[in-house]
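Q: As they're listed, the protein sequences go chains A and B. Sequential numbering from 218 applies to the first sequence in my numbering. Sequential numbering from 25 applies to the second sequence in my numbering.
Among the hints, a few may not be true.
What the hints assert, rightly or not - Straight-line C-alpha distance at most 30 Å; calculated DSSO-like pairs for lysine-lysine:
1. B:51 with A:232
2. A:232 with B:88
3. A:238 with B:244
4. A:320 with A:386
5. A:232 with B:136
6. B:136 with A:515
7. A:516 with B:88
8. B:51 with B:244
9. A:415 with B:244
10. A:516 with A:236
11. B:51 with A:515
It should be emphasised that the hints constitute simulated quantities derived from the structure, not laboratory data.
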Amino acid sequence: MNYNILSYLIGEGFKNVLKNKKSTFAALIIMFATMITVGIGLAGAQNITSVIKQLENDVPVIVFVKDGLSTSELDQIEDYIKSIEYVNNVSFTSKADALKNAKEKLADNADLLEKYSENNHPFKASYSITLTDINKSKEVIDVINASETIKESIEEIQTSDTVINGLNKADKGVKIAFFSIGALLIVVSTVIIGNTIKLTVHARRREISIMKYVGATNNFIRAPFVVEGIVIGIVATAVSILSLGGLYTLIYSKFNSVLLSNFKFELLQFSDIFQIAIIVYAILGIGIGVFGSVLSMKKYLKV
Amino acid sequence: MIEFRNVNKTYNTGTEAVHNANFKIEKGEFAFLVGSSGSGKSTLIKMILKEEEPTSGNIIINGKDTTFIKSRRIPYLRRSMGVVFQDFRLLPDKTVYENVAFAMYIVRATPKHIRRQVPMVLSLVGLSGKAKMYPHELSGGEQQRVALARALVNNPSMLIADEPTGNLDPDTAWEIMNLLNSINLRGTTVVVATHAKDIVDKMKKRVIQIDKGIIVRDDKKGGYDSEL
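With the hints as constraints, model all of the structure from the sequences given.
A: Printed below as a string of structure tokens:
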């Protein structure tokens, strides 16, 4: 394509944007709202997923075994647990170590445990099991309980199930809520951008009909309006990303250290979450712009 | 150049606008299309421009049957014809020069070609001195000249004029008709749909008369209504 024609088409597109300030502004606002909503949803969901991942590294299942088992019996249990699907790693804590750990935990009040000797105390030997998939703790426990001989040797099984289930539910909920609102807003923005462009198209229908009579192709006629849509899309994307960046950085600086010291998990960096989002947003913004304008022009090109 | 073969047009509303139209306008010819309003004159023009499809029959333009032309190809067909209308249809926020250059932009002419061609065609229609003026600063006749310049700037092989003098006083109308005649003498086929009885009578050109959708007369050198 000739450079001058390209610049002509783009120039016309920019002129359109400035001509309908009110409706352009409305389109910008709705796209901004869309992107902020999707962005907040994205940040929330990504962070919850990251917290779940961080928790997965903690021990989700602990199997306490009965006292007085022989080494071969213990090996049998360990081998059995290792053979279960979804089991990632199994580490053994002996009865002696259990007492040591308990004393360490109590620290200053360790003398409370003074009366217990190494072989005579209520703490049990245990297997700490990490999983490849945090959601499968129930399945793993079921398999452990399925073997009668193993079950006999087991005192108790503990899981951090409830926390993880809660987080998983929250993760799903956040994703569903924000993305359905996001999807709705995407449709609404497409329609509103379409309407904005329809106004310019309507104002220039005379010009369009002249273009048609002189033999302009539909693509040539459409181009400035598509440019108009793209300009709106890009501006909305830029403003949204900047606002989200500011907002997120603010939240990060306020809460990350608190969360890290109290709950031992970190928030994701802005760049971690929005690296892909920026590309998605740009495509979304441009896509909505193009789609809205093509859609709104259909009627006027039928001459 | 333009040939209608058994062309019928019935609108979706049930109105039969054209019934079995047959005529052929040769290359380089000057033809008037006359008839009262609602006679089917405009429908004929619209079918030549591919704005309306015939219900049945064939329309051959420049040797090509346009009946089944793909809509994608219509712009290229239209580039072979210049069109002017009763209401001029100029862009009010563009100068005379820009209005004409616009038609060249659209067909993706090079800037160099545009700079050479636009002044040439403006001088052809007698508007050399008014290139920088806006449509509202011009008289009706001058505006129609701009429309003519725009129609001619891409060197179409035919010129279609739909009531080109309908909004003009008789003297100006004659100026435009004489201009159309001189364009025709340069080799462009000219088809003029008109009501202007005295002009048709005096110019002694071919007259195709349509009445209630039927071509009732096709005189090689006729007047507006010599038979009626």
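Q: Each hint should be assessed against the structure and marked as holding or not.
A: The hints, checked one at a time:
1. B:51 with A:232: violated (42 Å)
2. A:232 with B:88: This hinted pair is violated, its Cα atoms lying about 40 Å apart.
3. A:238 with B:244: The hint is violated at about 57 Å.
4. A:320 with A:386: Violated, because 36 Å separates the two Cα atoms, which is more than 30 Å.
5. A:232 with B:136: holds (25 Å)
6. B:136 with A:515: Violated, because 33 Å separates the two Cα atoms, which is more than 30 Å.
7. A:516 with B:88: With a Cα-Cα distance of about 28 Å, the restraint between residue 516 of chain A and residue 88 of chain B holds, given a limit of 30 Å.
8. B:51 with B:244: Holds, at about 14 Å.
9. A:415 with B:244: violated (48 Å)
10. A:516 with A:236: holds (21 Å)
11. B:51 with A:515: Between residue 51 of chain B and residue 515 of chain A the Cα gap is close to 36 Å, so the pair fails against 30 Å, i.e. violated.
In summary, the structure is inconsistent with hints 1, 2, 3, 4, 6, 9 and 11 from the numbered list given earlier, while agreeing with the others.
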